Amino acid sequence: MAEVESISHSGICVHDLKEAEDFYCKVLGATLHSRVNFKTQDALRGRSIHATLALDDYVFAIMLTEDWMEVPERGQLRGANRTRHSFCVPRARFPEIVKLLEVNGVPFEGPVTHPDQGPFGESVYFRDPTGNFLEVLWRRDEDVTYNTVQPLGHGGGG
Amino acid sequence: MTDASAGTDEPRPEGFSHLVIEVADTDRAIEFYGVALGAGTAVLNAWPRADEAALALASGQALAFRAGDDGGIGKESGVHQAYACPAEARAGIADRLRACGIDVATYHEDRPPEAVDPFYFTDPFGNRAQLVFSPGEGAGISGIDHAAVEASDIEWEEEFFVEQLGFPVDHRVGWNTADYVRARAWAEGKEDMAPGTRRMDHRYRDIPGAEPGRGREVARPNMQIFLGLERGAIGIFLATRHRQEPAPETARGTPRTALAIDRAGLDRWAAKLAATGVAVEGPVEHAPGGPLAASLYFRDPCGNFFELCTPENGSPGR
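Chains as they are written, first to last, in my numbering: chain A, 1 to 158; chain B, 1001 to 1318.
Check each hint, because a few of them may be wrong.
If you anchor each label on the Cβ, the simulated ranges turn out as follows [to be verified]:
| id | chain 1 | residue 1 | chain 2 | residue 2 | range |
| --- | --- | --- | --- | --- | --- |
| 1 | A | His33 | B | Pro1113 | 28 to 38 Å |
| 2 | A | Gly118 | B | Pro1011 | 52 to 62 Å |
| 3 | B | Glu1163 | A | Val98 | 28 to 38 Å |
| 4 | B | Cys1100 | A | Arg45 | 33 to 43 Å |
| 5 | B | Val1181 | A | Arg45 | 21 to 31 Å |
Pulled a few chain A residues facing chain B out of the computed Cβ check, cut under 8 Å [to be verified]:
| id | residue |
| --- | --- |
| 6 | His15 |
| 7 | Asp16 |
| 8 | Leu17 |
| 9 | Lys18 |
| 10 | Lys39 |
| 11 | Thr40 |
| 12 | Ala43 |
| 13 | Gly46 |
| 14 | Ile49 |
| 15 | Leu64 |
| 16 | Glu66 |
| 17 | Trp68 |
For the record, the hints were derived by calculation from the structure and aren't laboratory data. All figures in this text were calculated on a predicted structure; none of them were measured in a lab. Ideal Cβ positions, reconstructed from N, Cα and C, are used throughout, including at glycine.
Whole structure, please, built from the sequences with the hints as guidance.
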């Protein structure tokens, strides 16, 4: 069986592409890499309407949905309507993110402190303009260098 | 909804000066627009271009005709010219169009100001036109409401007009799920939509779970942005097929959308446009005695022709 190594990218479904671009780029600091279906060539190929963004080395697409998605009521800030995307920042920059949410009028829950023994330090929970659940956290193990996982040798599959 | 307004301290064109459309016969065009559409038959003397003839509109704007190929392009695309018209002229114009053997279409567009009382037709030369009614008196079209062009790259057009030239975006189509939902209603025959506003896309791969035989088809909104002017708007529709564009170095041509700006603004825009790298010609000083003092011609990145011009009295003030 093939073994996947890591997440390459993900797609976040949205109801308004412009609003989503502004949110992820202007509030969270993502960069816009490309948009699809804004050129005749894309129309002729029948490509879906989406944009590709990147937050540091994490690439994700915001995909315009063809129909309205069910969205939990706006007051709920923490949850997972099938998915929650969690972004990581260094501990030193965590207050900066909280401030950014405040300045941009994004309602959030937290910071929530996680148990000492776990890898997560604190999280804030909020939603994008469509209502997708998001989280930003810092990790307690951010200074730890883990050993590279070695491939299983011959017979290691036991 | 205006969502961008870069460079607001810069002088910006306030509205339309004139439109130049291609017709098979300029005399017939003057008669059609002047009489059937009720614009009046006041032909402007000393129009700067000898190969164009222009009708004066009540708004102080002009509608110019150049003998050339039939419009044609507007029949299947979002390209059209929209004229302001007093509501009381509606029935008379519809009768006169019928007498010319021209059908009035009542399909819809997405931009809110155009949602009420749709009125479209194709002129005898193949140009698709729209009337936008407002309360008032008069026998026919009185001015220019908006103009729509098409582009092979909406993103590039937005970069050019909004980011570099500072036009605000007045409206977007195709960016919201609501547009998709309406596109489906159109595909199901529940909405009659104007050419260029919707597409039936043939995807390059099957859609899992789709109806047998329709696995590659999906109804989509066709991307559009509208640039806001103080008076009027410019629509840019995504071209749904490739068309021959004019040579990149050609700055002046037809069809052409002309915007009014004062003389100081014209000179500043000459420098501003030169910095964008698109083809620019001018400012061209026109002979005295005509309606225009000077013009600056340019083409956008997708090959649409535009003109900035200063009226003879030096100020747009219309």
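Unmet hints by their number, sorted upward, for this structure:
none
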